[in-house]
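Those sequence lines, one after another, are chains F and S. Terminal number for the first sequence in this note's numbering: 236, no gaps in between. Terminal number for the second sequence in this note's numbering: 236, no gaps in between.
For the record, the hints were derived by calculation from the structure and aren't laboratory data. All the pointers check out, no bait thrown in.
Since the list gives no way to pick one copy over another, a pair counts as held whenever it fits inside one copy or between any two copies.
Under the rule of at most 30 Å between Cα atoms (straight-line distance), these lysine-lysine pairs were calculated in the DSS-like manner:
1. K165 x K218
2. K39 x K227
3. K39 x K10
4. K218 x K67
5. K191 x K36
6. K213 x K97
7. K218 x K30
8. K191 x K10
9. K213 x K68
10. K218 x K206
11. K213 x K39
12. K230 x K116
2 protein chains.
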Amino acid sequence: MTEDFTESEKNGFYKAIYSRRDVRSHFVSKAIEDEKLSKILNAAHHAPSVGFSQPWNFILIKNSETKKKIKESFEKEKDRSSQLVEEPKKSKYLSFKLEGILESPVNLCVTYDPSKFGPFVIGRSSIPEAGLYSVCCAIQNLWLAARTEGIGLGWVSILSNDTLKDVLELPEHVVPVAYLCLGYVDEFAEKPDLETAGWLPRLELKDVVYFEKWNEQKNSDWDNISKLIKENLDYA
Amino acid sequence: MTEDFTESEKNGFYKAIYSRRDVRSHFVSKAIEDEKLSKILNAAHHAPSVGFSQPWNFILIKNSETKKKIKESFEKEKDRSSQLVEEPKKSKYLSFKLEGILESPVNLCVTYDPSKFGPFVIGRSSIPEAGLYSVCCAIQNLWLAARTEGIGLGWVSILSNDTLKDVLELPEHVVPVAYLCLGYVDEFAEKPDLETAGWLPRLELKDVVYFEKWNEQKNSDWDNISKLIKENLDYA
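Isolated chain F (complex conformation) (with noise of 0.2 Å):
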């Protein structure tokens, strides 16, 4: 287990990283096949979490009807939330493709349960939210290894989570942490598509790392990496 990796073991893991993209509008009805869906999903089961709480469950969803009703709240949400942006921003806001809800074969509710393996879980008492940060870690071991398997996915946070809970029939308990529509694509994007419409940059490496303490940007203990940072190499 503490072999290193090969230059091509490294390639394939980075080329993973760097070509996921959270896909809405390039969905085709091919089928997943069902080997492929369960290495996904053994993935995201070997995420970390704390205290080995593993408080994740997946549930797997096809059924026409719920994807409709999910597809409403959808709708319903994304009109909703519209109401907050101020134009020119809101129209292209509306314009945007934010879900592939129906044309995508699979979708796929993550959802956390605090009440596996408690009350008392390891390194959970300080900070009760690790268990909802493990779900997430999941959820990016999916997302990647759907990516390794040339399966698109796409999260939809625009939607409710109370009518997630009922038509999913969660107990009162359960958390649902992500809605996921997963399918081969057509393409995956060169960049993220919020960047290519020029709603957000990208903002730079150097811009998100700080030194010793918060805002801290430049020390001299960290002279060196700062300036590779600041070279902004793309790694890709």
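Fit chain S to the supplied structure of chain F, relying on the hints for placement.
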């Protein structure tokens, strides 16, 4: 961007997924090369984020006074949380090594700044927690990239976020999401430490996958994948 992954690229990706560990005991003092550290940070920065808000910051720490303060907070919180668990589990819990704050050459605090590109962020009006979830995706990218580069990482969630905010001078609105220890290791364990110690077992994949709604473990539309998952193939 749409070409398939080769077998060797896939293997590299899955090797990262299955050999990643939460490291506490195996740090060695060898410094992390600046180029490796910036590659790891760049992988984190290329995580998905709600509305492309990139709401993360990464605070690199090697100052020993800072580390000592965080270690003190850990000791205090570990002691406090041990009161929540009964013997014989309590003694077992207290015997675990749960952090490598002082031994690891680099500590890293990952934070969430909800004000970035705000207040209107696409996809965050209905589910405000989506911003925090993005930061967790970045942490998982970082964790996997570290593994690929042969660097161990341990997430310390037994500490006080108030202390963290104070020591790192975080503004009131910024949320500390993770405190991470990074460094070379003498080994990556075969299994998670808490599994090896018999604290908790790894769940089987079939125990975390439902079909169409909560708790539904059998559904005729999902028979084939249900069988595959029950075989609990070890894809690692």
